[in-house]
Amino acid sequence: MSAFDRDAPPGPGPIRHFDFPPVERRTLSNGLDLRVARMPRLPVASVRLFMRAGEGGLGAARAGLAVLTADSLDGGTKRRGGTELAEALERIGARLDASSGWEGTSADLYCLADRLPEALGLLAESVCEPGFPAEEVDRAREQHLAGLRQRVMDPGALASDVALTRYFAQGVPYARVLDGSVESVTPLGREDLLGYADANFRPGTGGLIVVGDVDGREVATLAEKWLGSWKGTPASKDDFLVTPAATERRVLVVDRPGSVQSEVRVGHVGVECATPDYYALSVANLVLGGVFTSRLNLNLRERNGFTYGIRSGFSFRTRPGPFEISTSVGNEQTAPAVREILAELSLFAEEGPTDEEVAAARDFAAGIFGLQLETSSQIASRVTQLVVFGLPDDYFHGYRDNVRGVTTEAAAEAARRHMRPGQAQIVVVGDAEQIAGPLEALGLGPFDVLSGPPRTSHG
Amino acid sequence: MSRLHVPVERHRLDNGLKIVLSPDRSVPVVAVNLWYGVGSRNEAPGKTGFAHLFEHMMFQGSAHVPKNKHFELIERVGGTLNATTWFDRTNYFDTVPSHHLELALWLESDRMGWMLPAMDQAKLDNQRDVVKNEKLQRYDNQPYGDWDERMQAMLFPPDHPYHHTVIGSMEDIDAATLDDVARFFRSFYVPSNAVLTIAGDIDRADALALVQRYFGEIAPGGALPPLPGKTSLDPTLGRTVRDHVVSDVPLPRVIMAFRTPPYSSDDFLVAEVSRALLGMGRASRLYRRLVRERRIAKSVVAYVYPLLSGASMILAWATGYPGTELEALEAALSEEIEGLVGAEQAEVDRAIALAETDLVHTLERVSSRADLLSMFDLYFDDPARLNRELDRLRSVTVDQIRSFASERLGPDNRAVLTYQPKTTG
Chain A
1 MSAFDRDAPP GPGPIRHFDF PPVERRTLSN GLDLRVARMP RLPVASVRLF
51 MRAGEGGLGA ARAGLAVLTA DSLDGGTKRR GGTELAEALE RIGARLDASS
101 GWEGTSADLY CLADRLPEAL GLLAESVCEP GFPAEEVDRA REQHLAGLRQ
151 RVMDPGALAS DVALTRYFAQ GVPYARVLDG SVESVTPLGR EDLLGYADAN
201 FRPGTGGLIV VGDVDGREVA TLAEKWLGSW KGTPASKDDF LVTPAATERR
251 VLVVDRPGSV QSEVRVGHVG VECATPDYYA LSVANLVLGG VFTSRLNLNL
301 RERNGFTYGI RSGFSFRTRP GPFEISTSVG NEQTAPAVRE ILAELSLFAE
351 EGPTDEEVAA ARDFAAGIFG LQLETSSQIA SRVTQLVVFG LPDDYFHGYR
401 DNVRGVTTEA AAEAARRHMR PGQAQIVVVG DAEQIAGPLE ALGLGPFDVL
451 SGPPRTSHG
Chain B
1001 MSRLHVPVER HRLDNGLKIV LSPDRSVPVV AVNLWYGVGS RNEAPGKTGF
1051 AHLFEHMMFQ GSAHVPKNKH FELIERVGGT LNATTWFDRT NYFDTVPSHH
1101 LELALWLESD RMGWMLPAMD QAKLDNQRDV VKNEKLQRYD NQPYGDWDER
1151 MQAMLFPPDH PYHHTVIGSM EDIDAATLDD VARFFRSFYV PSNAVLTIAG
1201 DIDRADALAL VQRYFGEIAP GGALPPLPGK TSLDPTLGRT VRDHVVSDVP
1251 LPRVIMAFRT PPYSSDDFLV AEVSRALLGM GRASRLYRRL VRERRIAKSV
1301 VAYVYPLLSG ASMILAWATG YPGTELEALE AALSEEIEGL VGAEQAEVDR
1351 AIALAETDLV HTLERVSSRA DLLSMFDLYF DDPARLNREL DRLRSVTVDQ
1401 IRSFASERLG PDNRAVLTYQ PKTTG
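Listed in order, the protein sequences are those of chains A and B. For the record, in the first sequence the residue sitting at position 68 is 68 according to our numbering, with numbers rising by one throughout. Numbers in our numbering are just positions in the second sequence, counted from 1, shifted up by 1000.
Hints are computed from structural coordinates only; laboratory data are not their basis. Hints may contain errors.
[Said to hold, decoys possible] Selected chain A positions facing chain B (Cβ under 10 angstroms, derived; list incomplete): (1) Ile15; (2) Arg16; (3) Ala134; (4) Glu135; (5) Pro155; (6) Gly258; (7) Thr293; (8) Arg301; (9) Arg303; (10) Ala366; (11) Thr375; (12) Gly430.
[Stated by the list, open to error] With a Cα cut of at most 25 angstroms, we get these calculated SDA-like pairs of lysine to any residue: (13) B:Lys1069 with A:Glu356; (14) B:Lys1069 with A:Asn299; (15) B:Lys1123 with A:Ala8; (16) A:Lys237 with A:Thr205; (17) B:Lys1422 with A:Val449; (18) B:Lys1422 with B:Glu1149; (19) B:Lys1069 with A:Leu298; (20) B:Lys1123 with A:Gly309; (21) B:Lys1422 with A:Pro453; (22) B:Lys1067 with A:Glu340; (23) A:Lys78 with B:Arg1289; (24) B:Lys1123 with A:Asn304.
[Said to hold, decoys possible] To spell it out: a stretch of chain B is covered by chain A in this simulated footprint if at least three of its residues, at any positions, have a beta carbon under 8 angstroms from a beta carbon of chain A; those stretches are: (25) 1237-1251; (26) 1276-1283.
Fair warning: this is a prediction, and the values are worked out from it, not measured in the lab. Ideal placement from N, C-alpha and C gives every residue a C-beta, glycine not left out.
Please take these sequences and the hints and turn them into a complete structure.
This is the structure in structure tokens:
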């Protein structure tokens, strides 16, 4: 009936390569590392000011201080209050948002390119001359504490947060919620934030990344004008070691009576960003649980209908972040789902992926890399990664070749080395009355039931 | 003046399929985007949730494409794909490196033309389980997860197509049959009820030839079945309606909604700008007053639903702190919303400036461009409206916002939903 053969998928047309745009590097007079990429496609500018002041540099007693300090930057500057700052930005259609992660704090700006001169001045004012008015700090702290309360009552967030304490030993920052704990955040006030920002919101070892319809020299002149007199290097040091909480497989159920579904997390300590296995492991993870057609999703969703979706992933940080499989499943399917997850993980760690699976995963990773270089914000995020992790300037130029170079043997070896089903920590938030019996009967290891959320992040 | 100019070229195949082409050769990415004019509003009583379940079935294969092959082939080339179901429409989208355009067209055309031969009971049972888990995960097991069901029930009468939610009810999802799948497909998944937009790195003539090749032989559909129920509505609720929930939520929350003119009405623009004054940016009214100054709310949100049938809605949420009294929170929220009768030009200017930035930001992705072009074509037969959208917003005056506030945002048109945390021992 067709005028041509519909049976086979059509092949590709002639390929057009997508190269990472050239990045101009300059060092400002204060030492700030300025990186500018020109993307004239639309009249916008995407800016990241990265400072090496992150939660990883804080002890448990101060956990959440970097996040709260970043959040409180919207409270105003030495020259204008919070609402005035917001009005000044919004009048020119600029969006400014600061946030902290483990490695540092980033102030992100997005605006139309012709507004950059003014908007960059506001970004500089908010970061270099924060006012931290007491009432704004109090407000941000109360919001922050209420947010922690919401996490405990959200089953997904609760499962993720409890799982971290089962992966990482007590005292390792990564065992904590990024936002800190009620105990550590409650006492924080204006003086703490002023002290933290003064010591740590400094240009040294950070970077200013500007991407969009901009000229490198003009941006340098602007940056020199607004940020040139800003000096120093953050005092923050994140020189901790990562150790696991346990080396034997364990199961923890957090009871949530009346829960109609179970949130499941299976994981353990993963590996650092600088691992030589980065590409091989990334490809291996795609096969296990990184895409829709992964082994885990095809089994638990498309074959068994246990879940809406399941994913696995490594958090590649300066130090080993978590490796985690996460999903949510119906009550009756909880034990069967956990059994299937462990079976898939064990088989994969033991035998590794097939040639065909590795070829598909390599093609996916190499192809989607180009698709994710479309917008100014995507490029800005990539360049920021170079700064954060100290990667070579040409790192992304070789990305696709490195992905394509992963062999089946290398992916299998990486899976064997970095996926450890025998040490997996299993955390399930759900209705214990319905799910605990069948879960315990799986005999996966020492089994505990917690009768509700832990009181602190180290429950 | 407008800084925006997205190219728009329209065509129509003999079978009625509407085509929008929007070339941009600056990046080697292409978005293939299909909007079908069917959503939860087309569901008959007893069939709630079916449009969304059907969307899942569209990924279960077609005559020439085995189950999961669509995902596999698109992922293989580094592409992304998904679909969403909403009140008035269902959209399907693939973004791929541009040399794989033909692959995406082959896949989308096969399920538009040849879906039914691949359907079977096992696939339906499997996706029914997946959808039930989706409902559990996204609604039933979430704090505040039943809010939209409660709010729609207050704003729209039982015989109105927006009375029920897109996800629908478990019972109705359970009752769905293969016959329902076939009937729905034949009624709604026809070329004459769809818009296909291709945006990004294309040669117009080549793209059009490919569309003709893959979609041209699909048979046109008949007339669409009429919408079930009654879409005409009074412009306002006539009173304040309320619903109060005591449940396992972390913080007290007030959700307030008002009927607005439908998206198809020019007056809807005024609702859009009004919501920006309330909740767009940190200088907006709700953030400034409730979060920053009075510290009665931990967070605030305001938005509009762009709905077509009879009426639409504008909503505002305020989430309190652990000890916040709901009455005080509700009063504070009402005060700010009613306060729009005193709207000023400066805040309108800020809202327009932010809207411009946000629109340009959205247009950085060809997939978002394609989605907007499909929407404007399907809803208004006018994809080029995308290029006039900012000027339309700029045309809204302070007086219009003030009148809108006094006519639409008062107690005679207010639905209030409050959540009180259950106190546990």
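Minimum beta-carbon distance criterion (10 angstroms), isoleucine 15 of chain A to chain B
holds, 5 angstroms
Pair hint lysine 1069 of chain B and leucine 298 of chain A, alpha-carbon separation not exceeding 25 angstroms:
Measuring from Cα to Cα gives roughly 12 angstroms; hence the hint holds.
Within 25 angstroms, alpha carbon to alpha carbon, are lysine 1067 of chain B and glutamate 340 of chain A?
holds, 21 angstroms
Quick one, are lysine 1123 of chain B and glycine 309 of chain A close enough, alpha carbons at most 25 angstroms?
holds, 16 angstroms
Outcome, coverage of the segment 1237-1251 of chain B by chain A - at least 3 residues whose beta-carbon is closer than 8 angstroms to one in that chain:
Contact hint for the segment 1237-1251 of chain B vs chain A: holds, 4 residues under 8 angstroms.
For the pair supplied as a hint, lysine 1422 of chain B and glutamate 1149 of chain B, is the alpha-carbon distance within the 25 angstroms limit?
holds, 20 angstroms
Hey, does the glutamate 135 of chain A contact hint survive, CB to chain B under 10 angstroms?
Interface hint status for glutamate 135 of chain A: holds (8 angstroms vs cutoff 10 angstroms).
If you take the shortest Cβ to Cβ gap from glycine 430 of chain A to chain B, is it below 10 angstroms?
holds, 9 angstroms
Is the Cα-Cα distance between lysine 1069 of chain B and glutamate 356 of chain A 25 angstroms or less?
At roughly 15 angstroms apart (the allowed maximum being 25 angstroms), glutamate 356 of chain A and lysine 1069 of chain B satisfy the hint.
Are 3 or more residues of the segment 1276-1283 of chain B near chain A, judged by a Cβ distance of less than 8 angstroms?
holds (count 3)
For a C-alpha distance cap of 25 angstroms, please report whether lysine 1422 of chain B and proline 453 of chain A respect it.
holds, 16 angstroms
Does valine 449 of chain A lie within 25 angstroms of lysine 1422 of chain B when you go C-alpha to C-alpha?
The hint holds at about 23 angstroms.
When each numbered hint is compared with the structure, a violation occurs for hint 3 only.
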